[in-house]
Structures are given as structure tokens and as C-alpha cells.
Amino acid sequence: MADKEVNMTEQKPKATRDGFGEGLVELAKTNKDVVVVSADLTESTRASWFKEIAPERFFAIGIAEQDMFGAAAGLALCGKTAFACTFAVFASGRAWDQVRISLCYMNLDVKIGATHGGISVGPDGATHQALEDIAIMRALPNMKVIVPADAYQAKKATIAAVSLRGPVYIRTGRSAVPYVTSAGDDFKLGKADVLQEGKNVAIIACGVMVKNSLEAAKILSAKGISAMIINMHTIKPIDADIISSAAQQTGAIVTCEEHSVIGGLGGAVAEVVAKKGPVVPVEMVGVNDVFGESGQPDELMKKYRLTPEDIVIAALKAIKRKK
Amino acid sequence: MNKRPDIEKLKAVARDVRIDIMKMLTEAGSGHPGGSLSSVEILVALYFYKLRHDPKNPSWPDRDRFILSKGHVCPALYAVLAHAGYFPKEELMTLRKLGSRLQGHSKKDSPPGIEVSSGSLGQGLSIANGMALAMKLDKKPSRIYCLMGDGETHEGQVWEAAMTAAHYELDNICAIVDYNKLCIDGRVEDVMSLEPCADKWKAFGFNVIDVADGNSIEIVMDAFDKAQTAKGAPSIMICHTIKGKGVSFTENKCEWHGVAPNKEQLKRALEELK
Ligand SMILES: Cc1ncc(C[n+]2csc(CCOP(=O)(O)OP(=O)(O)O)c2C)c(N)n1
Ligand SMILES: [Mg+2]
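Protein sequence lines correspond, in order, to chains H and S.
Under our numbering, residues 1 to 323 are what the first sequence spells out, in order.
Under our numbering, residues 1 to 274 are what the second sequence spells out, in order.
Every clue listed holds true.
Covered stretches of chain S, going by a simulated chain H footprint (3 or more residues, C-beta under 8 Å):
| hint | segment |
| --- | --- |
| 1 | 109-119 |
| 2 | 157-164 |
With a straight-line Cα cutoff of 30 Å, these simulated DSS-like cross-link-like pairs (lysine-lysine) come out:
| hint | chain 1 | residue 1 | chain 2 | residue 2 |
| --- | --- | --- | --- | --- |
| 3 | S | K140 | H | K29 |
| 4 | S | K136 | H | K29 |
| 5 | S | K11 | S | K107 |
| 6 | H | K32 | S | K139 |
| 7 | H | K32 | S | K108 |
| 8 | H | K32 | S | K231 |
| 9 | S | K107 | H | K32 |
| 10 | H | K29 | S | K139 |
| 11 | H | K32 | S | K140 |
Quick partial rundown of chain S residues pointing at chain H, CB under 8 Å, derived from the structure:
| hint | residue |
| --- | --- |
| 12 | Q123 |
| 13 | S126 |
| 14 | I127 |
| 15 | A128 |
| 16 | N129 |
| 17 | G130 |
| 18 | M131 |
| 19 | L133 |
| 20 | A134 |
| 21 | M135 |
| 22 | L137 |
If you're looking for bench data, these hints aren't it; they were derived computationally from the structure.
Where a beta carbon is used, it is the ideal one built from N, C-alpha and C, also for glycine.
Excised from the complex, chain H in its bound form (with noise of 0.2 Å):
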């Protein structure tokens, strides 16, 4: 725990999506058969950091989500590991039919760079706003979901999706986040990392909420209450061993997540606990079914009660729950 600590103090924030851009940078130097599509979001995916190194392998389709995807599936089935840019409410929702027949049915090398996620996109309000893309990208036979917690790991989530057969949804977010995880962590694709162990209750969480989650843990554990803390960076394949295993060490779990309550990452780590075992209670922090708004991150983030205080009254209700 000690170097994660460092870790948010000592470096600079980074948006998740620059991370992104940072692993599309090093596969246009590093792998000839990576192209990229972009439907006019260059700048704000970070393709165009693609672009300016490759730019032969770049391809603007400019507003058109459902062709960009189909052009994404006519590259891969040529042989190229295509990744499509675009924000995540227009590569979720835009464009779904494409990305069930298209990419999963045939199940393509098309990687779905999908940026600004969740509520923290901020001003831009409701519309921009994703938060039921994990629910609607992990029912898709085929589609791998991930979620990176930090901008390091967003960079080694983008560079092993391509070595993995199949779509990939990659959401990352808008705004910097400090770092929780450090540039030589290992990142394995469906393996979650507890970041810390704790006995009282296991607290799951992915993205930016992963920050939160450690604030929680300190508050709680000033209250005398030790939390586990696991970074579920891959939503789909879902790590079940890691949340049975921390449902029977702890007795209580608690997930966390910048997208609705429905569906996401809480919906699928009680589908384990569920199916799985053992049975415990599941309390979930994300946003209750309801469309967000404009306003600054941070003020969204209190107002749909995605804080770390949130989280702690949730781990309070979680425990008290336990037989």
C-alpha cells in the first residue's frame, strides 16, 4: 500500500484516455498492422496522437458511428487490428447493431477506444455522458470489457488488447485522475489486483472510482474497519475466483463504478456472488438510474454520490447487512 500512496501524491494526475493515446503511440511505432478509425473526435480519443506518427494507417470517417464500425470490421477481416474512436456514449449506443453483427458476431480484431465515460466528462452534460455502456458492451457474446483505473494502466490495456482474439471495449475518461497503480505493475486482462487486503469488507471497484475506494478504505479504517480493496480493471471476462474468494474473507462487498447501478460492474459481480457464492450482501455505489447533468467532475461526482463518503456509508451498510 505504501508506493500506492506515493504514487497519488507524488505524480501528476493523467486522464485515463491520454494513457489511451500513450499505447496507441507506442503500437503505431511498434505494430505495422494496427490502423485507426476516428469519427471526428481525433483530437479529443487522442487517435490523432496516432495519426501524427502513422498517418497513412489513419482513416477519418468522419460523423458516422455505424460506418466507422463497419469500416473498423472490413479492416480487420483483412488482417489489420483496427481500433474505433470515439466517445463512449456514441461507440455504445450509436452504433450497437454494428458492434453486435459487424465486430461481435464475426468476431473481429476491432478494439473500441472509448473515451470519456461515465459522469466526470462533466459540462457537456447527460447526452455525453456514458453511464449504461458496460451493461449494454458486456451483453455481447464475444466482447471483452475493460476499464483501467489510471492512465498507466489504460496504456498497458490498450497495447494487450491487441494480443487478445476478438473485440475489446476500452472505456476510459475525460478528466485526470492520480495514479493508483504504478508504471511496472504488471496488468494481466481479467486478473483484478487487490490493492489492499482487509477482513470486514471487500470493496470492488473499477476506473476513477478505484481512487475513491482507497480514500474510503482510509476513512474506514480510521473507524476501526479494515477494507479490501480489488481494482476489477476487466469487467468481462470477470475475475469470479478474486470476488469469491473476497465474498468469503469478508463477508460484505461493496462495488463502485461511474455508470448505473444496473448492469455494470455491480450487476456483474453479483451475477458471481450469485451463481458463485458465497452468498453475501452486495451494496452498490454508482448512479441510481437516472441521467446526469452539466456541471464541474467533482460537484457531479458528490451530487450522484460517487465519493469516497458515498462508498463508506455504503461498506457501513454492507456490514451491517451480514448475518
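Keeping the supplied structure of chain H fixed, place chain S with the ligands upon it in accordance with the hints.
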């Protein structure tokens, strides 16, 4: 240009394919005869004349690609692939049955020779663009063919794709519209008019080839040759066809879009086709 095959032979293949389609659909008890029958000559001209392909080596990297965007007419494609030697003709009668490779709407590599999965209309031309971009990037000679229904071109994605194909000057693409004038609800003209169809594609930057009779193998072969000579722009063949072509009681009948013939109807159809 490719060497022209014996026209009479191709006509015989087209007739056999129609017979197979009717038998397959009757056996399956469901499926789409109208659009399958209207596109027979287009498919036969492709697989027996235009496409550079190898039925014994379906994944030959330098092959031309054919995308069936209107996936509901896959029975026609299955029959043509079987005749071309991709798989045994006996398998045709497994269409739509549990465990069969011949799915109700086409599924990639099932069997090998099927290039893409389709069935949700409007997605094929975008995929063709991606393939064409990859071929240009790798400096490969392969050409990409994509068959769409006329009703299918109601889909907005088709026009997104049209812009992309023209923008990137994808002259290795030849799109084909099976303009049989019918969709499910009725005449395309009444449901949602495409006219002026050729002008629209021209305005989008395509080299438009009007194919006056898309059920004439010779005329369709001529059009494919013409498309291949176009440089700097994608081509589209607007093929005027007859939905349900070849069987008197299915021709130009909207009702025959998505129902299989019963045994009695099959008998009548076979008498006409033989
Ligand atoms: C996206 C989508 N919407 C609706 C359908 C249902 N559907 C199947 S075939 C069809 C009509 C197609 O008409 P057309 O493209 O003219 O095909 P053809 O006449 O050649 O059969 C429709 C609406 C579908 N398969 N995909
Ligand atoms: Mg039609």
C-alpha cells in the same frame, strides 16, 4: 477482362440454382424466395465469371471479396457456392436446420466462402470500405463486391458508407443494388422512394452503371467489366431485376418476400423451371 464463359452453361447454372433455392426453402419451411430469385444472375456472373476466387482455397489472401449485405437471400449464395464447388450440394437441404452450417442469414466462414455475417441490413458497404482500404494500404489487387437490396438502401448507414467510398476514391469497390422494386411492406416506390436512384449515387461520387436487365447474365457480365475499368471512384451497378424471377407465381409479388413454397407450389415451380 476475363475470358467469357459459355453463356448457355451459365444459364443452366442459373436455372439449377433457382431449382435449388425453391427446394431448399420448401425443405426448410421458411426463408426468402423473392430476393433470392431476383439476384441469381448477379451471383452467377460473379462466381462463374468475374470473381478471382478459388473454391478449393477459400481463404486465398489475394482473392476478390464478395459481401452479401442483404443476408436474407443467403439461400441463393449457398446454392451458387455449392455449384462453384465450395461444398457438397447435398448440404443445401440442411438450410435453417439445427446444427447446420447454412444459417438462416449468412454467417462468416459457415461454410468457408461466406465472407461476412449479415442479416441486419445496411452494414455491408461499410465493411467493403474497410476491406478496400486494407487492400490499398497493402497494395493488393483484390476487388471488393457488395450486393445490397433496393429496400436496404433506405438505411442511413449505406449513405454514410457511400460518402466514405467516394472520399477515399475506392475504385476497387463495385457495389450492386438488386433493384427489384419491392421490400416487405410493398413497392419501394410507395414505402420510401429511392428515385432518382442513379442521380443520388452519382451525386455521392459513384461511377453509376445502369443495368437495364439484371436478370440477363450477359448484360450483368458487361456491367461488371465496365465497373472494373473505372478509376478514382467506386462503382455501383443498379440492376433492374424482377423479384421472384423465374417462377410465374412469385414474380413481382410482395407476398413472396419471406415465405417458403409448400410442396404443391414447389411442384409447380419445378415444372416451370425444368
Ligand atoms: C436492419 C434491418 N431492418 C429490418 C430487417 C427486416 N427485413 C428483412 S428483409 C427486409 C426487406 C428488404 O428489402 P430489399 O432490401 O429490397 O431486399 P430484397 O427485395 O432483395 O429481398 C427487411 C425490412 C432487417 N433484416 N434488418
Ligand atoms: Mg427489394
